[in-house]
Amino acid sequence: MDFINAILVLLNYTIVPALTYGSQLALGAIFVTLIYGILRFANFATGDMMSFGTMFAVLLTYYFQSLGINLGIFPTALITIPFATFMMILYMLSIDKFVFEYYRIKKSPPVQLAMVSVGVMFVTQAIIRIIIGPADRIFLDGQKFILKASEFKEMTGLNEGLTIKSTQAITLVVTMIVVSIMFWFLNRTKTGTSMRAYSDNEDLALLSGIDPKRIVLITWIIAGILATIGGILYGLDKSYRPFVYFNNMLPIFAAAIVGGIGNPFGAFLGGYVIAFAEIFLTYAYKKFFTYILPEALEPNSMMQILSTDYKFAVSFSILVIVLLFRPTGIFKGKTL
Amino acid sequence: MRKYEDVITAYTIILLLIGIVGIFQSWSLALTIFNFCLISAVMTIGANIQWGYAGLINFGIMGYTALGGLAVVLVNVPPVKEAWSAGGLSIIFCILIIFTIIFSIQYVLKKLKKSKKRNYIIASIIIFGLIILRLISAPAFENIESVDPARTGFLGGLGLPILFSWIIGGFFAAGVAYIIGKVALGLRADYLAIATLLIAEIIVSIIKHEEWLARGVKNVIGLKKPVPYERDLQSSDWFISLVENLYSSKLSLINSLSERQDFLNQLVIDSSSVFVKLCMALLFLSVVILLLIITQKALYSPWGRKMRAIRDNEEAAKAMGKNVVKEHLLIFILGSAVVGIAGAMMVTNDGLFTPGSYRPMRYTFLIWVMVIVGGTGNNFGAILGGFVVWFLWVEAAPIALFIINLCTSHLPETNEIRVHLINSAPYFRFLMIGIGLLVIMRFRPQGILPEKIIKN
Numbered sequence: 000m001d002f003i004n005a006i007l008v009l010l011n012y013t014i015v016p017a018l019t020y021g022s023q024l025a026l027g028a029i030f031v032t033l034i035y036g037i038l039r040f041a042n043f044a045t046g047d048m049m050s051f052g053t054m055f056a057v058l059l060t061y062y063f064q065s066l067g068i069n070l071g072i073f074p075t076a077l078i079t080i081p082f083a084t085f086m087m088i089l090y091m092l093s094i095d096k097f098v099f100e101y102y103r104i105k106k107s108p109p110v111q112l113a114m115v116s117v118g119v120m121f122v123t124q125a126i127i128r129i130i131i132g133p134a135d136r137i138f139l140d141g142q143k144f145i146l147k148a149s150e151f152k153e154m155t156g157l158n159e160g161l162t163i164k165s166t167q168a169i170t171l172v173v174t175m176i177v178v179s180i181m182f183w184f185l186n187r188t189k190t191g192t193s194m195r196a197y198s199d200n201e202d203l204a205l206l207s208g209i210d211p212k213r214i215v216l217i218t219w220i221i222a223g224i225l226a227t228i229g230g231i232l233y234g235l236d237k238s239y240r241p242f243v244y245f246n247n248m249l250p251i252f253a254a255a256i257v258g259g260i261g262n263p264f265g266a267f268l269g270g271y272v273i274a275f276a277e278i279f280l281t282y283a284y285k286k287f288f289t290y291i292l293p294e295a296l297e298p299n300s301m302m303q304i305l306s307t308d309y310k311f312a313v314s315f316s317i318l319v320i321v322l323l324f325r326p327t328g329i330f331k332g333k334t335l
Numbered sequence: 000m001r002k003y004e005d006v007i008t009a010y011t012i013i014l015l016l017i018g019i020v021g022i023f024q025s026w027s028l029a030l031t032i033f034n035f036c037l038i039s040a041v042m043t044i045g046a047n048i049q050w051g052y053a054g055l056i057n058f059g060i061m062g063y064t065a066l067g068g069l070a071v072v073l074v075n076v077p078p079v080k081e082a083w084s085a086g087g088l089s090i091i092f093c094i095l096i097i098f099t100i101i102f103s104i105q106y107v108l109k110k111l112k113k114s115k116k117r118n119y120i121i122a123s124i125i126i127f128g129l130i131i132l133r134l135i136s137a138p139a140f141e142n143i144e145s146v147d148p149a150r151t152g153f154l155g156g157l158g159l160p161i162l163f164s165w166i167i168g169g170f171f172a173a174g175v176a177y178i179i180g181k182v183a184l185g186l187r188a189d190y191l192a193i194a195t196l197l198i199a200e201i202i203v204s205i206i207k208h209e210e211w212l213a214r215g216v217k218n219v220i221g222l223k224k225p226v227p228y229e230r231d232l233q234s235s236d237w238f239i240s241l242v243e244n245l246y247s248s249k250l251s252l253i254n255s256l257s258e259r260q261d262f263l264n265q266l267v268i269d270s271s272s273v274f275v276k277l278c279m280a281l282l283f284l285s286v287v288i289l290l291l292i293i294t295q296k297a298l299y300s301p302w303g304r305k306m307r308a309i310r311d312n313e314e315a316a317k318a319m320g321k322n323v324v325k326e327h328l329l330i331f332i333l334g335s336a337v338v339g340i341a342g343a344m345m346v347t348n349d350g351l352f353t354p355g356s357y358r359p360m361r362y363t364f365l366i367w368v369m370v371i372v373g374g375t376g377n378n379f380g381a382i383l384g385g386f387v388v389w390f391l392w393v394e395a396a397p398i399a400l401f402i403i404n405l406c407t408s409h410l411p412e413t414n415e416i417r418v419h420l421i422n423s424a425p426y427f428r429f430l431m432i433g434i435g436l437l438v439i440m441r442f443r444p445q446g447i448l449p450e451k452i453i454k455n
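In the order they appear, the protein sequences are chains Y and Z. Residue numbers for the first sequence follow numbering that gives the first Met the number 0, beginning at 0 and rising by one. Residue numbers for the second sequence follow numbering that gives the first Met the number 0, beginning at 0 and rising by one.
Quick caveat, the hints were computed from the structure, so don't treat them as lab data. Treat the hints with caution; some may be incorrect.
Simulated pairs of lysine-lysine, DSSO-like, Cα-Cα distance not exceeding 27 Å [as the list claims (entries may be wrong)]:
#1 Z/K317 - Y/K106
#2 Y/K106 - Z/K451
#3 Z/K110 - Y/K310
#4 Y/K310 - Z/K207
#5 Y/K105 - Z/K451
#6 Z/K207 - Y/K237
#7 Z/K207 - Y/K285
Computed beta-carbon distance windows for the label pairs [to be verified]:
#8 Z/L329 - Y/F2: 22 to 30 Å
#9 Z/F102 - Y/M0: 23 to 31 Å
#10 Y/I320 - Z/D269: 34 to 42 Å
#11 Z/Y10 - Y/N186: 57 to 65 Å
#12 Z/K317 - Y/D202: 23 to 31 Å
#13 Z/A318 - Y/I14: 51 to 59 Å
#14 Z/F442 - Y/N186: 35 to 43 Å
#15 Z/A188 - Y/I320: 14 to 22 Å
#16 Y/K96 - Z/P425: 24 to 32 Å
#17 Y/L10 - Z/L351: 43 to 51 Å
#18 Z/K325 - Y/R213: 42 to 50 Å
#19 Z/A137 - Y/M0: 44 to 52 Å
Here chain Z is said to cover these stretches of chain Y; the calculated rule only asks that three of the stretch's residues, wherever they fall, bring their Cβ under 8 Å from a Cβ of chain Z [unchecked claim]:
#20 99-111
#21 119-133
#22 248-256
#23 305-311
#24 318-327
Note that the Cβ used here is the ideal one computed from N, Cα and C, for glycine as well.
Put together the whole structure using the sequences plus the hints.
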């Protein structure tokens, strides 16, 4: 019985939150990796682009709520996804048209494009703050919990409860759907194959008649979908605050590089690697050990490897270690 | 004279702009802007050494700035005796253990051949060492942090004059840059940018959360300024008579004695703050000029030529027998040290150390915008960039407010859009900086003052 309780403690406080957070990071990381692989630059506006899409979801949620439209037990934000994604793609395409295209045609070095993306980051941040302001916003409605700790305890008669928030379930389900569609698209369709060919060897791809303009267009569309959905899921789970989204860029970068930048599947797994590492290394295992160890050996400290203050630092340290020992990332990405 | 024409014009314009702020807003504000411009200029000199001379992209400026700030605390604050007796010995012991770990790893690396066995030995040394460190340090940290936590709760510093900390700040940043450079410099440009950005974040989070070191997010206040204090000036006779002499014509216009006394008091208060900032400005200006002379000499020396050669064609430089790795490391350390000095200067100017305020937006990306806008590879350009961008950053809100009012003047006062826009005026600074950067990158990628190659 104690063993099951111990497992439940882990499940409740580490595995479920890590899976959720990992999915949100994974979506962002695939976005970074796609831009890096096909447009060939590190996009420092990642966090703010995700924030931009989410902003529309927040505003539209408020609008729909005022009209009385909702999805019952599901959050209203789910209806807004197509509209928000559309706005996001529109924004990305216009940014590409006015800013990035010039450097792409000129074949500027990736560093220059990265610097340009810093400029885009400033502008995007300004637009977001001017439209919606820097405040913290919660736009989750509908049912909050699928499974409450007290209900679970009643059902099973165990000491420990298991809580599953509806946002956690939604995050996992939506991520799985989006990611599997994306991988199906990349691996099975002709357009997807040509995108991968373009990423592997641009000249050869152009030679075999692939239209670069179309590739770029489709990349931005997929990127827009990933960024918006990732942002909305994160915002539903925690809350929407522009500054936090900017900061999220850092673990997302870490996930993309750990997974091997330019490799979408690596980025997907990288998100979970980063999330699990962050949560496992900063979780206080005291309760867990009190269940599995005999009473005489019960720990009296918190049994925490690192304080939770270092949550971000953990993911960055992993990145540094990976860069040191396996510069191509865990799952072979582009060579550095 | 001719070749410096554009430099002189550009500087005159920006100084005139600051002068306009002085006339229309206040001289105290103008001097604050000027001081921060000078600090930013030192940072941009540092970033320009790395990016302009050698093409190294370092997004870790924030980390070195924070290290410089840390140096001020560790040098200037008087030592906290109770904390030292509570946990000082253990801390020294911990430092010794860290050194033992490093040296034993080096010993293993040297003595054993590359094999799985060696990796296991190194891993076990690290893990074993960390466990011992944890066991010794945890109670020591707790003891130190419990010493009068509202006021101290940390080890304190050395109690030395604050100016000394500027040099120490440089050394701190240089030391950390050496380690980071060893780890990260082999990476390709944009990976280096990401890696340094994240490493800087690690540095700041350590400074934020290790409270025994510098109180962390609880901030250190009351750092001693290297210039006279306002309240001392306001009570000293020589300063009052100086102000009286300066404003004698204005004062003589007032007839009533009590009114004149009140006016004089007000003048003394105002000018004391201006005087203090002026002293600061002189200190900062001397640092900037000193650095400018050194960097200018370096840039046009054979060493500077070598750096440009490495930047422009690494392969060719390698073929000519230049040690690219060593030079990159050297320039990474030098640039970081300059940024560390700037960090120390900034904390000195503020008189307080607030680790929570170190954000990548303000301390990394803004500095980079300054370098790009000012002119990469040109020291005058870098400094100018610091001035222009900082001026815009501060004055963007008033400018935006003015423009908004102008554009929406036909709308009624209570119009929702107008109110919303006026409330969000502070965020227009991001817009201006961003658009400025994009425009410069597009139409003048070399910056306002482009790099000048002097050929003999």
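Hint check:
Restraint check for Z/K317 and Y/K106: the C-alpha separation of about 25 Å stays at or below 27 Å, so the hint holds. Distance restraint check for Y/K106 and Z/K451: the Cα-Cα separation of roughly 25 Å lies within the 27 Å cut-off, and the hinted pair is therefore satisfied. Distance hint between Z/K110 and Y/K310 is unfulfilled; the C-alpha atoms sit about 37 Å from each other, more than 27 Å. Distance hint between Y/K310 and Z/K207 is fulfilled; the C-alpha atoms sit about 13 Å from each other, no more than 27 Å.
At most 27 Å may separate the alpha-carbon atoms for a hinted pair to count; Y/K105 and Z/K451 meet this at roughly 24 Å. Between the alpha carbons of Z/K207 and Y/K237 the distance comes to roughly 23 Å, so the proposed pair stays at or under 27 Å and holds. Distance hint between Z/K207 and Y/K285 is fulfilled; the C-alpha atoms sit about 25 Å from each other, no more than 27 Å. In this structure the supplied range 22 to 30 Å is violated for Z/L329 paired with Y/F2, their Cβ-Cβ distance being about 58 Å.
The beta-carbon spacing between Z/F102 and Y/M0, approximately 50 Å, falls outside the hinted interval of 23 to 31 Å. In this structure, Y/I320 and Z/D269 break the distance hint of 34 to 42 Å, their C-beta atoms being roughly 55 Å apart. Judged by the Cβ atoms, the range 57 to 65 Å given for Z/Y10 and Y/N186 holds: they are separated by roughly 58 Å. Evaluation of the 23 to 31 Å hint for Z/K317 and Y/D202 yields a pass: the beta carbon distance comes to about 26 Å.
A hinted range of 51 to 59 Å holds for the C-beta pair Z/A318 and Y/I14, which are about 54 Å apart. The supplied range of 35 to 43 Å is met by Z/F442 and Y/N186, whose beta-carbon atoms lie about 42 Å from each other. Between Z/A188 and Y/I320 the Cβ separation comes to about 21 Å, which falls inside the hinted range of 14 to 22 Å. Range check, Y/K96 to Z/P425: about 29 Å between beta-carbon atoms, so the 24 to 32 Å window is met.
Distance hint check for Y/L10 and Z/L351: the Cβ-Cβ separation is about 45 Å, which falls inside the suggested range of 43 to 51 Å. Here the CB-CB span from Z/K325 to Y/R213 is close to 46 Å, well matched to the stated 42 to 50 Å. Here the CB-CB span from Z/A137 to Y/M0 is close to 33 Å, at odds with the stated 44 to 52 Å. Counting residues of the region 99-111 of chain Y whose CB lies closer than 8 Å to any CB of chain Z gives 5, which reaches the minimum of 3, so the coverage claim holds.
Beta-carbon proximity to chain Z at under 8 Å applies to 12 residues in the region 119-133 of chain Y; the threshold of 3 is reached and the given coverage holds. Only residues whose C-beta sits within less than 8 Å of a C-beta in chain Z count toward coverage, and the region 248-256 of chain Y has 4 of them, enough to reach three; the restraint holds. Here's how the region 305-311 of chain Y fares: 4 of its residues keep a CB closer than 8 Å to some CB of chain Z, so the rule of at least three is met and the hint holds. A stretch counts as covered by a chain when three or more of its residues have a beta carbon under 8 Å from one of that chain; for the region 318-327 of chain Y and chain Z the count is 5, and the coverage holds.
Violated hints for the displayed structure, listed by number in ascending order: 3, 8, 9, 10 and 19.
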